[in-house]
Amino acid sequence: MSGDWRERRHRWDTRYAPYAYIAPYFLLFAAFGLFPLLYTAWVSLQDRDLLAGDAATWVGLDNYVRLLTEDPYFWNAMGNTLSLWLLTTVPQILFALGIAQLLNRRIRTRTVFRMGVLLPNITSVAAVTIIFAQLFGRDFGLVNWVLELFGAGRVDWQAGTASSHTAIAAMVVWRWTGYHALIFLASMQAVPTSVYEAARLDGASQWQQFWRITVPMLRPQIIFSTVIATTGNMRLLAEPLLFNPGTAAATGGSDRQFQTAALYLYEQGFAKYDFGYASAIAWLLVIATVLVTGLSYLAARRIRTD
Amino acid sequence: MTTLLDRPSDVAPPVKHRRRRRAVPLPGPWTYAALVAVLAGSAFPVYWSLVVSSQTADKVDQVPPVLVPGGHLFANIARVFDTTEFGLALVNSLVVSGTITLSVVFFSTLAGFAFAKLRFRGRNALLLVVIATQAIPTELGVIPLYMMMSDLGWAGELPAVIVPGLVTAFGVFFMRQYFERAVPDELLEAGRMDGCSSLRLYWHVVLPAARPAAAVLGLFTFMQAWNDFFWPLVVLVPENPTVQTALSTLASGYTTDYTLVLTAATIGTVPVLAMFLLFGRQIVGGIMQGALKG
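First to last, the sequence lines map onto chains L and X.
First residue of the first sequence: 1, per full-length UniProt numbering; consecutive thereafter.
First residue of the second sequence: 1, per full-length UniProt numbering; consecutive thereafter.
Honestly, the hints are just simulated from the structure, not real lab data.
Be aware that a few hints might be false.
A short, non-exhaustive set of chain L residues, derived as facing chain X with CB atoms under 8 Å [what the hints assert, rightly or not]: (1) Thr-111; (2) Ile-183; (3) Ala-204.
Listed below are several chain L residues computed to face chain X (Cβ distance under 8 Å; list not exhaustive) [what the hints assert, rightly or not]: (4) Leu-34; (5) Val-286; (6) Ala-288.
Using C-beta positions, here's what the derived DEER-type ranges look like [claimed, not checked]: (7) L/Val-290 x X/Pro-184: 14 to 24 Å; (8) L/Trp-12 x X/Asp-185: 16 to 26 Å; (9) X/Ala-40 x L/Tyr-297: 26 to 36 Å; (10) X/Val-36 x L/Thr-166: 53 to 63 Å.
Think of the CB as a built atom: it goes at the ideal place given N, C-alpha and C, for glycine as much as any other residue.
Assemble the whole structure, with the sequences as input and the hints as a guide.
Structure (C-alpha cells):
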C-alpha cells in the first residue's frame, strides 16, 4: 500500500515535477512580458485615448499611416534615435578596445583598475543624467568652464542638435564603455602569446599587432558588444528625458532636438495618453531596432579574421 | 533606461580562462598614466556629485567652480528628506529591489536546476525559448502593461513594479549554466539512492551548492532593480516613488537647485556603491567569465 503510494509519488516526481519548477518563469513571463508586447500590436490598431474615456475604436492601420506620412515629430525622433545610436555605439566599442588593451598588461592593483572602469555601469541612469546635465550646464557647468580655460567659447549644450546629442552620447559612453572593456579584456587574455611573438619577429609594430591580431581575434566579442549596445542605444529614454533640467516635458528640448523615439512613445502614451498612437510607435521602434541590430551585426561581422 | 541586466543578447562571448602566466607586455609609465586618467574619468562624475552635494547653492553657481567638497553635506541631506518624499523612496526601493532579488534567485535556481539536472520532454526546446526571450524588447509593451496594472488596481502601487520583475530569463539561464558545470550528477544520484525527491534534492543539495552563483545573481539583480527607471516612472506616482522616480521628480521641478538634486542622487547611489565596493571583485569576475550580461 505504502509502496504503491511511494511508487506513484516517484513517478509524479520524475515526470511532472520539472515542469512545475520551470512553470513560474514561463507563466510570469507570458503574462507580464510577452503578452503586453503582443497586445501592443492590437492596441496600435485602435484609436484609444485615455482622456476620451478609454473607448477603443478600431482604426486599422491609421495610426501607422499617420506616423509614417503625416507626423514630422516621429521622423525627427527616429532621426535623433539613429544619430544617438551611431554617436554612442561606435565610440563605446572603440574606447572599450583601447581600455581593454591598457588593462591587458601585468599591472599592479589590477582589481582596482577593473572595478574602476566598471564603476560608471553600476550608477543609475537617472543619477548619471542629472550629474551630467549639471556638468554640461550653460552658465555654471564644469565642461564650459574647461572649454573657456582653453580659449573656446561656451556652448549651450541643450540648445543645439549636435551639441545635445554629443552631451547625451557622452553619458551613455561613460556608463557603458567599461563594461564592454572587461568583456574584451577577458578574450584578449585568451589570445596565445605565440601569435604576437611571431608577429614581432616579422617586424609588426604594436599598432599593427593590435589591428591585425587583437581585433580580429576579438571578433565574436565585438559582434556581441555591438549587438547588445545597439539594442540598448536604440531605446534611450532616461537620458533625453532628464537632460532637460527644470522641465517635466518629454519633448526632448524646446525644438525636440534630442527627442528619441522611445521618448516620443513616452510622450504620446503617458503625457498625452494616446495609447493607440503610442503603441504604433512602439512597434515601429521594435522593427527599427531589429533592422539596425541586423545592420550592425553585419557591419561587425566584416572584421577580417585572416 | 538600460540597466545592468536588461540588455538582451543573442551572441554569447565564448571566454576561456587563463591557465598559466603569459608573457604579457610589462606596463610602462605611460600605461599607468593612461590608466589613472581612465580611472579618474570613471570616478569623476560620482566625485563631482559629492562635491556639489556638500556645497551651498551659491557656491555651485560660481565661476570658477569649487572643485573640492564643502561642509554642507549633512545640511543638504536633511533638506532632501525634509522637502521631498526621499525617505519613502528609499524604503520603497528597498522593498522593491529586495523582493525582486529574493524572487529572481529562488525561481532562477529552481528552474535552472530543472533545466540542468532533470530530464523531461521538451527540455531543450524550452531552454531555447528561455534564451530567445532574452532578446525580446519587452520594455516596449509598456502601454498594455500599464493598462493591465490599472485593471488590477495596482497603478501607483509597488506590486506594479515588483510583479513584472519576479523572474528573468537571464537568471534562469545563468543558474542553469552554473549547475551544469558546478553540480556533479553523481552527487544528485547519491541523493536519489537515498530516496530524496527532486524538491528535497533542490533544497538540500542544489541550493547549498548554488550559493556563490546565487550571490552574484542576487547582487546583479538588486542593482538592476534599484536602478530601474522607465517602468517605475510610468506606473508610479510622485507621492509613492522609488529612488529613481523621486530623482526624476526633483530634477523636473520648476527651479533646479542642483545641491538638492545631486544630494539626492548621491544618497540614491550610496547603497549600490557600497555593494559594489564590497563585492566588485565578484561582479568583475562574473562579467569577465562572460556570464553576466549587461
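Evaluation of the provided hints:
1. Thr-111: 6 Å, holds
2. Ile-183: 6 Å, holds
3. Ala-204: 14 Å, violated
4. Leu-34: 7 Å, holds
5. Val-286: 6 Å, holds
6. Ala-288: 11 Å, violated
7. L/Val-290 x X/Pro-184: 14 to 24 Å: 41 Å, violated
8. L/Trp-12 x X/Asp-185: 16 to 26 Å: Because 22 Å falls inside the window, the suggested range holds.
9. X/Ala-40 x L/Tyr-297: 26 to 36 Å: Because 34 Å falls inside the window, the suggested range holds.
10. X/Val-36 x L/Thr-166: 53 to 63 Å: Hint violated: Cβ distance 25 Å, outside 53 to 63 Å.
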